[in-house]
Structure formats: C-alpha cells, structure tokens
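S.K.: One letter stands for each residue in the lines below.
Protein chains: 2
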Amino acid sequence: MKLDDSKNKMTLQELIDTNNFINHLSVDCAIFGFHNNTLKVLLLKYHELNLWAIPGGFIFEDEHLDDAAYRILYERTHLEDVYLEQFYAFGHKDRTERKNPHRQLLENKGINITKEHWINKRFVTIGYYALIDYTLSHTFPDAFNETCAWFDVNDLPEMAFDHQEIIEKGLEHLRKTIDYKLVGSNLLPEKFTMKDLQNLYETILGETFRRNNFQRKMLSLNILERHEKLFDGSANKAPYLYSFIKK
Amino acid sequence: MKLDDSKNKMTLQELIDTNNFINHLSVDCAIFGFHNNTLKVLLLKYHELNLWAIPGGFIFEDEHLDDAAYRILYERTHLEDVYLEQFYAFGHKDRTERKNPHRQLLENKGINITKEHWINKRFVTIGYYALIDYTLSHTFPDAFNETCAWFDVNDLPEMAFDHQEIIEKGLEHLRKTIDYKLVGSNLLPEKFTMKDLQNLYETILGETFRRNNFQRKMLSLNILERHEKLFDGSANKAPYLYSFIKK
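Top line first, the protein sequences correspond to chains W and E. The C-terminal residue of the first sequence carries number 247 in full-length UniProt numbering, and the numbering is unbroken. The C-terminal residue of the second sequence carries number 247 in full-length UniProt numbering, and the numbering is unbroken.
This is chain W alone, in the form it adopts within the complex (with noise of 0.2 Å):
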C-alpha cells in the first residue's frame, strides 16, 4: 500500500469539515519500542494542553480497518515498514465522555460544532500495537499534536480517553504473544545468546528468571536453532549463538 503524505497536513478545520469517515469509529496504536533494554511507548502531546495520546485517527468510508491503521500511523509519526497486529476493541460507553481534550483544541482554534457533529458522539476504538526497535528521532506536529515522544511503560504522563487503559491491555496482550512475536522481529541480531534473549524477554515481560529455567523454557518451545560458540577470548566460558528457526 502506498502511504499519502499529504493527509496530515489537514488542518483542524479540514478534519472537523470531513463528512466521509466512518461514524462512531476510530483507530489507536500502541507502539512498544525496545531499545537498550528498556521498554517505551510512543506518545503524542496535544496542542497547548497537558494531555499525551497514542497516535490515532478515523476511517474513511471505503478504506479497509487495517489500511486506516497504518495511514494513520504513518500520517501522525512518519513510521512505516510497521507490522500492525490488531488487539482488541474498546467499546466502554463513556470510554470518551473523561479526559477528552478535542472541546478545548476546539475553542482554540475558534471553531463551533454542533453537539450532533461525528467527533462529539460515542467512540469504539479498535486497538493495534507493534513491537519495534526504536528508530523514531523527528517529531511531527499535526492538527492534533505538537510533539511525538517515548515514554517507559511504566512512567506515563497525563493521557486522554482510556489510553492508559489501551496502552496496559496492549502490553498485557504483547507479553502472551510474545514467544511467536520476537520470531519476526528484529529486536535481536540474526544470531544471538541466551543472555541476550533473556534480556529482552525481562524486559518486555517486567520480570525476572533464573538462567536455567528460562534456558529449558525457550528450548522446549521449538524456535531456536543452536550455532557455534560466540568467541570471547576466554572458550571455556563461550556461551552458544542461537537464531529463530525460520519457517
């Protein structure tokens, strides 16, 4: 899919006066990036308010739900080549009735809508998250947002909405996947060790293991493929390289 960079030069005005997304529905994306070992999540600060959301947007009437997902993740933070997997729906009824900052970007814009206007009424917001290394170095303000920013996962700022709430069930929701999702990424070297594998999985999963416990765990599973010693100097204690099996 060829991503269009023009849609987020839409202004606020522009977006209000859209009349072809659907209603009643949008799109936010939890992206989780791994770096040094440590896990952040990308955020975007509003305009002159206080408030961080994760990137998200609309969908148009005759676009597909996941060719919406990376459009709009690609127009608010400039990220492709992203594997997007989808989550969960998030359909509380009053899930933007709290922390709902568009009123406020409203008036200081000086624009009016009506109470019936499409932004005003109830959202369901379909959940999608990616692990990532991250790369991400610009920032790329829009009608929305000034600023794009990692935060560790467990200091957030003031969010919006029920994001804190679809950042957690995105992290909940990587850390059960996490055995087939680090096979594809690129989060590790083509060969690495068991050390270095066990770092990652500490952590994106906040805890810790014992060496020999998580060794026996990952070999059941079936995915390593062992290689020779990594050399280090000292071969006694040279530890094996490993890789994904690819399938």
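Warning: the hint list may mix true and false statements.
Claimed, not checked - Lysine-lysine pairs mimicking DSS-like chemistry, simulated, CA-CA at most 27 Å apart:
1. 93/W to 9/E
2. 121/E to 115/W
3. 115/E to 181/E
4. 40/E to 176/W
5. 176/E to 229/E
6. 181/W to 99/E
7. 176/E to 176/W
8. 176/E to 181/W
9. 176/E to 169/W
10. 99/W to 109/W
11. 169/W to 45/W
12. 9/W to 93/E
13. 121/W to 93/E
14. 217/E to 246/W
15. 217/W to 176/E
16. 181/E to 176/W
17. 246/W to 9/E
18. 217/E to 217/W
19. 9/E to 99/E
20. 169/E to 169/W
21. 121/W to 217/E
22. 217/E to 195/W
These are computed hints drawn from the structure, not numbers from a lab.
Once you've looked at the hints, dock chain E against the given chain W.
M.R.: Okay, now just chain E, sitting in the frame of chain W:
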C-alpha cells in the same frame, strides 16, 4: 448482568424500525463446542434461505460493547454463563456485500426499506469466541433465523457474509491461546489423565502429537499439578492423574 429475553421476540419489522443502534458496528460470536473428541461451531440458519451464520447482532447506543455480545448470544441461542473473549474486528470494506441475506429476508416479509437504511450500511463487526462443552439442545427461532445447530468445524455449510473467515480466524485464535483457555474451562473433569488432555489438544489443534513430546511440553508449562495414580485394576500401567494449578 441481567439478560432480558423480551428482545428476541422482536419481529423483523420491529428490528428494522429500531433507531438506537450504533450505525456501522455489529458483534458476531464464534461459539466452539467440544464433545466426544469433536470440535464443533454453533450456527444459525436464516428463514427460508439455504444460508447459515454465527450468532450476531447490533449494539444499542447506550450499551457497553461486551454487554452487547452477551445479550446478543443469549437472545439468539439462550446460552448464558459462557465466557466470551473478543478476538478480532473484521473491517474489510466489502465484507457484507457478498452473500448478504438481508434483502431476501426483507423481501420475503414484504418489508421495504431505503438504500440509506442503517442495515444497508457498511459494518465493521467485532468477533467474540468461546469454547464450551456443548450442551445446547433446543432451537430458538427469531426474526432472522429458524434454527440453531452445531457443525463440525471441518465441514461447514454455505455461510453468509465473511462468517467462514470469522470462524477460521476464531479457531486460529483459540489454537494460539489454548494453553491458558483450557485452565479455566470445564471441558475436562477436575482430575484427568495426560491422555485425556492430549485427546483434547489434538481435537482442538487438529493434529496429533507423540505421547512423550506432548507430556514434556505440558509439564514445562507449569500449569499442571500431579496427583495419585488412576487405579484401574492393572496397577503397573496405572496413569497419573493431573489437575490444573489454581492461581
């Protein structure tokens, strides 16, 4: 939550006249049933059409999405006390254009609606699944359907919309999550043998395992507690009994 049986007495005309559903959104439930080493799925047959569907329906404007799923399942099948888990939102833009029975059903009843009626809009549907020991033996005709029946997952009849894809994706999800789904389920007696457990896994995963490999994998998951042997008269060969560790 109190489930109300009155809504499934709704006629097709009353359903069509309902104006407080959230537009564009529906819920569909893939209910898998295990019994006598067979895995089945619960389907409904449309009135006077040779077309089947999984139990589904629409969400009221003031209704939590999860509550809607339980209500819809109850109204269509009278199943309650089933733990429903959300697994995917199906959002292909053309997903209701093929094998859509609504027009024919309405025509058969002499009900005329406009092209702009909410039931003619594009729908994103939120899929829920459950795994139960199948106990349902009655049929519950309603506005859309004349009967309920269990089908072998490998031998489905002609399905409406993208419901075959929803079942396949639900099954894939069930297979991925089987290790923790079984722990809370009532598909096995309180204490069971490794052979009972292996039969259940093989039926759900649709593949066979070598006895030793299966046992090693199960024990490595740390979800089983070992008890006394099952006395069956030939003490030498008596298998151990296991139960799931209660967390």
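S.K.: Can you name, in rising order, the numbers of the hints this structure does not satisfy?
M.R.: Hints 3, 5, 6, 17, 21 are the ones this structure does not satisfy, whereas the remaining hints hold.
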